[in-house]
Structure formats: C-alpha cells, structure tokens
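Engineer: Dock chain B against the given chain A, drawing on the hints supplied.
There are 2 protein chains.
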Amino acid sequence: MAEHDLRQTISLLTRTPAALDALLRGLPDQWTSRNEGDDTWNAFEVVGHLIHCERTDWIPRVKRVLESGESRAFEPVGRVAQLRDNRGRLLEELLDEFRHLRAANLDELRALNLKEEDLERRGRHPALGVVTLSQLLATWAAHDLTHLHQISRVMAHQYREAVGPWTRFLGVLQCAGHSSA
Amino acid sequence: MAEHDLRQTISLLTRTPAALDALLRGLPDQWTSRNEGDDTWNAFEVVGHLIHCERTDWIPRVKRVLESGESRAFEPVGRVAQLRDNRGRLLEELLDEFRHLRAANLDELRALNLKEEDLERRGRHPALGVVTLSQLLATWAAHDLTHLHQISRVMAHQYREAVGPWTRFLGVLQCAGHSSA
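Going down the list, the sequences are from chains A and B. Residue 686 in the numbering used here sits at position 106 of the first sequence; the count goes up by one each step and never skips. Residue 629 in the numbering used here sits at position 49 of the second sequence; the count goes up by one each step and never skips.
Same shape as in the complex, but just chain A:
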C-alpha cells in the first residue's frame, strides 16, 4: 500500500480533466444525461460536482489548514449546488471550466511549495475531526477516482438491458454504488 506522495497526487490531478474530456466530449446524450434512477447523478452532474469542489473544497481547505490549523473547521461543501448552478449549460462548457479551474488550482498548490513537514500539518473537518494536509491532498486525488468510477458505472447502467445475458460477466453491472458516488 503506497503512502501518500505529493508528486504522485499531482500527476493524477493533472490528468483527470483531459481523461474526462476524452471520454465525454461529444458523446450522445443517452450516455451523459441519464442517471441510475431517483436522486442519482448523471455524468453531466458529476462533472458539475467536480467543478463545485474545485471552487469550494480542496484549495480553500488547504489554505484553511495553513492559516488556522485545527482552530477553525473547514466549511462544509454542498453536494447539490451543481444541480442548480449548471441548469441549461452544455457538458462541453463544464469540461472546459473543470480543466481551467483544475489547472489554476494546481498552480496555486505548486506555488505553496509544500515541504514534507507541511504535509503533517493538521486541520479540522466539520464531520471527521482532525485531519492532516497529507490526507486532504490524497483525498483530492482519490475523489477524482471515485467519480470516474461513478461515471463508468452510471454509463454502463444505460446498457444493463442491452447486454442481455452478458450482465453477469460485467463487474460494473454488479456494482450497486456506494453512497452517492
């Protein structure tokens, strides 16, 4: 099991926008606008959520740790704001916005020039309690992967009937999802 490595984290964070762009841009709506049923997200909404997190979660929380340590908890991140904010927009606009925000946030992260000892600095999560900067940054990368995992599952769900008897050989169709991601 790998321990957290900042270079490894940044390498993934750098690639996610292009990976989602290559997968989703120009896809027919049947893939991107359909979800898994009531109160679930489609691929469009997942990209909206990633944008929302770029604005309100990762870098603001990194700064909170550096500025306030454990004394001031992170602001909670709304999990439905993007459903309201992105109505009527195109998926292509969201992919562009995600790419730009991510690039700017990685610029900010690099400019902080964090040292190994900084990664042990502690902050306070409103639900989870004390967390380290290292855990926060590792979670940023794992959060990309959780939503890539979700998007592939939501899209596969659209072919649940179409694959016929192959359903039982396709792992993604056995995945019932895990919370809302």
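Source of the hints: derived by calculation from the structure; they are not laboratory data. Each residue gets a CB set at the ideal place from its N, CA and C atoms; glycine is no exception.
Label-pair ranges, simulated between beta-carbon atoms: (1) G606/B to A684/A: 20 to 28 Å; (2) R659/B to G658/A: 40 to 48 Å; (3) P656/A to S591/B: 34 to 42 Å; (4) R701/A to R690/B: 53 to 61 Å; (5) L692/A to E700/B: 55 to 63 Å; (6) P608/A to N693/B: 16 to 24 Å; (7) S591/B to S651/A: 47 to 55 Å; (8) G709/B to A661/A: 42 to 50 Å; (9) R690/A to E688/B: 39 to 47 Å; (10) D619/A to S591/B: 21 to 29 Å; (11) R701/B to L692/A: 53 to 61 Å.
Covered stretches of chain A, as calculated for chain B (at least 3 residues, CB under 8 Å): (12) 585 to 598; (13) 702 to 714; (14) 724 to 733; (15) 748 to 754.
So, partial list: chain A residues that the calculated Cβ filter (under 10 Å) puts toward chain B: (16) L604; (17) L607; (18) L717.
Structural biologist: Showing chain B alone in chain A's frame:
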C-alpha cells in the same frame, strides 16, 4: 433504460482509447503497476486485457455470428494471456497498440454496414448460449466501462491508507470489486 443503439455504442468505443491514454500515459508506476492484492490486475494488465479482447473477442465474434449464426459457438477468450504476452513492455506501447487496434476494428465494424435487422442475428456463446449481435456489440461498450470502473478502483486502492478518515466518504473505496473486473 436505453435500448441498444449502434451509433451510441460506436461513440463510446471510439473514445475509450483516448480516455485511457489521457488518464494513464506518463503516470508514475505507483499508480499503474500496483494491484489490489493476490490474483488481481493492475492498470497495465487491464490495458493488456483490452488489447487481447480487440484481437480475439469482439470483431471475430461479430464475424462468427454473420458467418455461422448459432451453429458454431464463439471461441473462448483467454483471460490471462495478456499477463504473459506483455511482460517487459511499456504501458505507453500498450496504449498505442490499443488505440490502433480499436481504430482498425471500428473501421471493420463500419464496413460491415450493419442494418437494424442484422442486429437481431443470433450466435452462440460457449457459456451463455444464444446471444444476439446487438447484445454482443452493447457488451463491447459496457466492457470498456467495466474496465474503466476497475482501473479507477485499483488506482484508488493505492491511497486507501493515505486518505485517512476520508475513506468512508469515498464510494470507490467501498467497492470490493466484482469477479475479476
């Protein structure tokens, strides 16, 4: 639930190689060469499996349906050949090979100029019995998604410890996997 639509299927099949390339090319080995434990695949091996399927599964089976219908079952597809075939190769070579094979296979598929009624033609799977061409083609797309789902899970697993208490908020870390994908 969408029924199978050939244009929708091809739109996804076209994008998968570029999506995997954008995600994986140049990533540090910690992301791509580590698996989930004994007898599981790392991202490198999953790409190898996708290559093997391009060679031995989808188009050969499409042709078998068109040539022999239900009278001659598909050849079984080995699930471990790529572990042997790709030893010592670079992930970048595999990504190139997957892209080329997929493009050539989609050219072949388009050249068949399949009509709506062709999609109802039937073949025989060695384990599943009678299947339709439509189900086979839908499975090709869903199989891409099952392995994208797997890759995101295998990579996230590498940060299971690093994310600390965030583990329980990350859906992908609740996913125990489903068969070998």
